[in-house]
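Novice: Take these sequences, add in the hints, and give me the full structure.
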Amino acid sequence: MSKKVLVVDDSATVRQQLKVALTPAGFDIEEAFDGQDGLEKIKATASTLSVVICDVNMPRMNGIEMLEALQGEGINVPVVMLTTEGQPALIRRAKAAGAKGWIVKPFKANLLIRAMKKLAQ
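The numbering of the sequence shown is the working numbering, which starts it at 34 and goes up by one.
Think of the hints as simulated: they come from the structure by calculation, not from any bench.
From a predicted model like this one, the values you see are computed outputs, not experimental measurements.
Check each hint, because a few of them may be wrong.
As the list claims (entries may be wrong) - List of simulated lysine-lysine pairs, DSS-like, C-alpha gap at most 27 Å: (1) 36 with 52; (2) 37 with 76; (3) 76 with 133; (4) 151 with 37; (5) 138 with 37; (6) 133 with 150; (7) 36 with 133; (8) 138 with 150; (9) 133 with 37; (10) 36 with 151; (11) 133 with 151; (12) 138 with 52; (13) 76 with 128; (14) 36 with 128; (15) 37 with 128; (16) 141 with 36; (17) 138 with 128; (18) 133 with 74; (19) 74 with 151; (20) 37 with 150; (21) 52 with 128; (22) 141 with 128; (23) 74 with 52; (24) 52 with 37; (25) 52 with 133; (26) 150 with 74; (27) 141 with 151; (28) 128 with 151; (29) 150 with 76; (30) 36 with 76.
Specialist: This is the structure:
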C-alpha cells in the first residue's frame with residue numbers, strides 16, 4: 034500500500050521534482066499550491082496523509098502560518114519543511130509549531146526518501 038504525501042509548494046517545478054523523486058519509492062503524491070490550499074487539503078484528508086512536505090515562502094499563507102493553523106486546530110500530521118531558508122529563528126518557529134524536519138533546497142532525493150520513509154511509518 035502506498036503512503037500518501039501532500040506537497041505544498043507554490044512552485045510547480047518543485048512539486049514535479051518531488052513527485053519524480055518520491056513516486057518510484059512508493060509514495061502517492063497529492064499537491065497544493067500554497068499554505069491556504071494545503072491547509073484546506075490537510076483538513077479534508079488528514080486521516081489518509083502519511084506526511085506533508087511544505088515550502089516556507091508562499092503567497093496567501095506561508096508554510097509556517099499553515100503549521101501554526103494546523104496546531105491551533107489540533108490536526109496532527111507529520112510536516113517536513115522544504116525551503117531555501119536556513120535562518121535559525123524560522124527553524125525554531127517551525128519546530129515550535131510542530132515541524133518534524135527542515136530540508137534545504139536543492140534537496141538530495143535519497144535523503145528526502147529516507148526521511149519520508151521514517152516519518153510515514
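Novice: Run every hint past the structure and note whether it holds.
Specialist: Going down the list of hints, with the structure as the test:
Under the criterion of a C-alpha separation no larger than 27 Å, the hint pairing residue 36 with residue 52 is consistent with the structure, at around 13 Å. Note on residue 37 and residue 76: the hinted pairing holds, with a Cα-Cα distance of about 14 Å set against a maximum of 27 Å. Proposed proximity of residue 76 and residue 133 is supported: the alpha carbons are some 18 Å apart, at most 27 Å. About 14 Å separates the Cα atoms of residue 151 and residue 37, which keeps this hinted pair within 27 Å; it holds.
As the CA atoms of residue 138 and residue 37 are separated by approximately 21 Å, the hinted pair is consistent with the 27 Å bound. Restraint check: the Cα-Cα separation between residue 133 and residue 150 comes to about 13 Å, which is no more than 27 Å; the hinted pair holds. Our distance criterion of 27 Å between C-alpha atoms is met by residue 36 and residue 133, whose separation comes to about 17 Å. At most 27 Å may separate the alpha-carbon atoms for a hinted pair to count; residue 138 and residue 150 meet this at roughly 19 Å.
With a C-alpha separation of about 17 Å, the suggested pairing of residue 133 with residue 37 holds against the 27 Å cut-off. A distance of roughly 12 Å separates the Cα atoms of residue 36 and residue 151; the hinted pair therefore holds under the 27 Å criterion. Restraint check: the Cα-Cα separation between residue 133 and residue 151 comes to about 11 Å, which is no more than 27 Å; the hinted pair holds. Restraint check: the Cα-Cα separation between residue 138 and residue 52 comes to about 15 Å, which is no more than 27 Å; the hinted pair holds.
Note on residue 76 and residue 128: the hinted pairing holds, with a Cα-Cα distance of about 20 Å set against a maximum of 27 Å. Of the supplied pair hints, the one linking residue 36 and residue 128 holds, its CA atoms being roughly 23 Å apart against a limit of 27 Å. A threshold of 27 Å between alpha carbons decides the hint, and for residue 37 with residue 128 the separation of about 22 Å falls inside it, so the pair holds. Between the alpha carbons of residue 141 and residue 36 the distance comes to roughly 20 Å, so the proposed pair stays at or under 27 Å and holds.
This hinted pair checks out: residue 138 and residue 128 have alpha carbons roughly 18 Å apart, not beyond 27 Å. Between residue 133 and residue 74 the CA atoms are separated by roughly 19 Å; this keeps the pair inside 27 Å, and the hint holds. With a C-alpha separation of about 23 Å, the suggested pair residue 74 and residue 151 falls inside the 27 Å cut-off, and the hint holds. For the hint pairing residue 37 with residue 150, the CA-to-CA distance comes to about 11 Å; that is within 27 Å, so the pair holds.
Of the pairs offered as hints, the one joining residue 52 and residue 128 holds, with about 25 Å between alpha carbons and a cut-off of 27 Å not exceeded. Proposed proximity of residue 141 and residue 128 is supported: the alpha carbons are some 21 Å apart, at most 27 Å. With a CA separation close to 17 Å, the supplied pair residue 74 and residue 52 stays within the 27 Å bound. At roughly 11 Å between alpha-carbon atoms, residue 52 and residue 37 fall within 27 Å of each other, so this suggested pair holds.
Distance hint between residue 52 and residue 133 is fulfilled; the C-alpha atoms sit about 20 Å from each other, no more than 27 Å. Only pairs whose Cα atoms come within 27 Å are accepted, and residue 150 paired with residue 74 is accepted, the gap being roughly 21 Å. For the hint linking residue 141 to residue 151, the alpha-carbon distance of about 16 Å falls within 27 Å, and the restraint holds. This hinted pair checks out: residue 128 and residue 151 have alpha carbons roughly 17 Å apart, not beyond 27 Å.
Straight-line distance between C-alpha atoms of residue 150 and residue 76 comes to about 22 Å, which keeps the hinted pair within the 27 Å bound. A threshold of 27 Å between alpha carbons decides the hint, and for residue 36 with residue 76 the separation of about 17 Å falls inside it, so the pair holds.
When the structure is compared with the earlier hints, no violation turns up for any of them.
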